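There are 4 protein chains.
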Amino acid sequence: MSKKDMIKDASIKLIARDGYFNATTDKISKEASVAVGTIYNYFSSKEEILNYIFDTELQKRYDFYNNMKNWHMDWFLKINGILNFHLQEMRKEPDISKIILSEKINAHRYNMSSLIKFSQLSLIISDILQQGINEEKIRSCDVKIISLIISGFLDAITYEFATTDDFDNIEYAIDEFCTLLKNGLVTL
Amino acid sequence: MSKKDMIKDASIKLIARDGYFNATTDKISKEASVAVGTIYNYFSSKEEILNYIFDTELQKRYDFYNNMKNWHMDWFLKINGILNFHLQEMRKEPDISKIILSEKINAHRYNMSSLIKFSQLSLIISDILQQGINEEKIRSCDVKIISLIISGFLDAITYEFATTDDFDNIEYAIDEFCTLLKNGLVTL
Amino acid sequence: MSKKDMIKDASIKLIARDGYFNATTDKISKEASVAVGTIYNYFSSKEEILNYIFDTELQKRYDFYNNMKNWHMDWFLKINGILNFHLQEMRKEPDISKIILSEKINAHRYNMSSLIKFSQLSLIISDILQQGINEEKIRSCDVKIISLIISGFLDAITYEFATTDDFDNIEYAIDEFCTLLKNGLVTL
Amino acid sequence: MSKKDMIKDASIKLIARDGYFNATTDKISKEASVAVGTIYNYFSSKEEILNYIFDTELQKRYDFYNNMKNWHMDWFLKINGILNFHLQEMRKEPDISKIILSEKINAHRYNMSSLIKFSQLSLIISDILQQGINEEKIRSCDVKIISLIISGFLDAITYEFATTDDFDNIEYAIDEFCTLLKNGLVTL
DNA sequence: GATGAATGAGAGTTCATTCAT
DNA sequence: TATGAATGAACTCTCATTCAT
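Protein chains in written order, with the working numbering: chain A, 1 to 188; chain B, 1 to 188; chain C, 1 to 188; chain D, 1 to 188.
Treat the hints as calculated values from the structure; they're not laboratory data. Any given hint might turn out to be false.
Within a straight-line C-alpha distance of at most 20 Å, the following computed SDA-like cross-link-like pairs (lysine to any residue) qualify [what the hints assert, rightly or not]: (1) A:K144 / B:I174; (2) D:K117 / C:K27; (3) C:K27 / D:R109; (4) C:K117 / D:T163; (5) B:K144 / A:E176; (6) A:K13 / B:F161; (7) C:K182 / D:C141; (8) A:K144 / B:D166; (9) D:K182 / C:F76; (10) B:K144 / A:I170; (11) B:K13 / A:H108; (12) B:K144 / A:N169; (13) A:K144 / B:F161; (14) C:K182 / D:R139; (15) B:K144 / A:K13; (16) A:K144 / B:A162; (17) B:K182 / A:S140; (18) A:K137 / B:Y110; (19) D:K182 / C:K117; (20) C:K182 / D:I133; (21) D:K30 / A:Y42.
Chain A regions said to be covered by chain B (calculated; three or more residues, Cβ under 8 Å) [to be verified]: (22) 11-22; (23) 70-76.
These numbers come from a predicted model, not from an experiment. Quick reminder that beta carbons are idealized off the backbone N, C-alpha and C, glycines included.
Generate the whole structure from the sequences, applying the supplied hints.
Shown next, in the form of structure tokens:
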């Protein structure tokens, strides 16, 4: 693995566990098995590490969603796909999910360039819903708000997991949420 | 106002704006117009200020919800009442809502005694939903998960507000969410 | 003595001996018998210490010169007075003289506010010379350049002293310089 | 040009502009278009670069002065020649003049081997003056002190130039200084 | 010889906490 | 009780130097 990625991974682990402020450059260097100075060969500042994590990880998600737009699927299957993609990501790399949830406020505080990526998920969900409305599969509704509900649910289960480390009920929770969405949204 | 409350209020203002770590005891003392040393006459540590904020503010909410249990109302009106109570709190004391959202992760990190209060809202919502099921007003569902969805939505609108300072659409968002809940949950 | 002056004096001692860059805040705090943090209760940065030294010490000299302007003396006695005042200052506080000589380049590099004080000695000497010309005690000459020669000589003896710590010949050197000023070098 | 001289020239440029401490090996390597490691193939340390600059550049001056001793000229023309040689050097390679002035204190601090070269100019001027005395062209005086006055003047005009980058008046200043040397200041 | 990534001691600065007044 | 100067460990970041390639 590249040094940059070693530093990124060490940072992810520590920021997920201790938070951005408690993840000191000293701890990060030890966790990454490099010297402190090496961090600054790859990142101009500690803040830049967080920005880089957001940049690369949100891009992965964005790419997946964007690709999904081209799939020929029902709105419901797409939304379900997004929820399950998140679950899968959370299982694969739980620390990243934790960080994206708990440190995004810092992206705002420090006006990071990765900030723009945070809004893209909502836009894609909105698009999917709008298409459902256009195809008269969904009743008329405010797609931005339904989109907010969906991403709020994603954050809720991420937080639930982050504080309990218990995945077992998440799959079930997603099903329950989808049922709610279906019953609540589909045109009769 | 008591010195303790002056310190608490100053802390709320600064933590909401800058985050827990950037709200230094020095800034807090200046904002509260007391000496730094005075802070330590009322709080054993900076962490304890945050804990106290959670303790007192969550108690207020808890008291309202608890009181609500005794009201003779439909489940739907109660849930709607909770959402609107939140909106009203957010309008009245936006900084407190911001902090409860963005700093609750620190309650977990530092294993604060106020931690237990965070789970109580969910329990009360669950109770309301369970009553709805018992009265056959709501279809059979997992109350814990629906409760999670509701508190997730609350957090989502709080975050939306915290980063945009725009309240105008929140009322409308709550209505849209309630419609979704009703359509999705009521027994046919 | 005030803490601020203790820190200033410790800084003067170390900067004179080791130079501005080798005089670390850590060494300064130890020399001043205070904690590092205390330095920052009185100065906003290390640079500000140097600026403060220049500010206060150059002001002392400026005050002396300015006062001298009101004395009813021959131009020659005034110049002689300035040279001897410098000698006396150098004997009393050799480190300050060293710093003013060797670190003034940093005042330029960092564009310190004390910068303006450096030019005032030259102006006062120029005034004295101009008065001598007006009174026809001095032949027509470029006062700015003669002033440059005089302050250049002051720096030269300061540097000589700074590297040898030998004062014995300075008094004699001043006399020789004054004779030169008066008579020139050519054999008559 | 040899690699060693490329590094030397880059160092001269950066030290003149930023000072010895702000001229980092990293910046020097970039300015010289070599790798940092290459610097250490030619110099044992950063300090050694400064020492080498002093060594080679002062040698050039020393060679010129030494050669001058053999010229059959009046003491006054020789001194004038030295001053004008300096002016010419300053015009040709201003950065070197700046460094020799502002960083010579470091030669003392680090006890560099080039230190000995700094005293040689004074010795040569002293020789010239002594010869003038012997030939009864100059009145009896302390040659070491007159020599100090002359090199002090050289430093003064170099500093004036270093902080203003203005050469225009230097030639005139040299003339005024020479006149002073010859005639003195008093009205006849 | 030339490279430049890696190093880590050490720099300036911050800040929660203490305690004499 | 209230104060705020003093504290020093701990922070982020720098940079002269090394060494495997």
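Taking the hints in turn, this is what the structure says about them:
1. A:K144 / B:I174: 12 Å, holds
2. D:K117 / C:K27: 32 Å, violated
3. C:K27 / D:R109: Roughly 17 Å between the alpha carbons, so the hint for K27 of chain C and R109 of chain D holds.
4. C:K117 / D:T163: 15 Å, holds
5. B:K144 / A:E176: Judged against 20 Å, a Cα distance of about 10 Å means the pair holds.
6. A:K13 / B:F161: 30 Å, violated
7. C:K182 / D:C141: 14 Å, holds
8. A:K144 / B:D166: Holds: K144 of chain A and D166 of chain B sit about 15 Å apart, inside 20 Å.
9. D:K182 / C:F76: Holds, at about 19 Å.
10. B:K144 / A:I170: 12 Å, holds
11. B:K13 / A:H108: Status holds; Cα separation ~17 Å.
12. B:K144 / A:N169: Holds, at roughly 11 Å.
13. A:K144 / B:F161: 14 Å, holds
14. C:K182 / D:R139: Status holds; Cα separation ~14 Å.
15. B:K144 / A:K13: 30 Å, violated
16. A:K144 / B:A162: With Cα atoms ~17 Å apart, K144 of chain A and A162 of chain B stay inside 20 Å; holds.
17. B:K182 / A:S140: Roughly 15 Å between the alpha carbons, so the hint for K182 of chain B and S140 of chain A holds.
18. A:K137 / B:Y110: Since the Cα atoms of K137 of chain A and Y110 of chain B sit roughly 47 Å apart, the hinted pair is violated (cutoff 20 Å).
19. D:K182 / C:K117: 33 Å, violated
20. C:K182 / D:I133: 19 Å, holds
21. D:K30 / A:Y42: 18 Å, holds
22. 11-22: holds (count 4)
23. 70-76: violated (count 0)
Checked against the numbered hints above, the structure breaks hints 2, 6, 15, 18, 19 and 23 and satisfies the rest.
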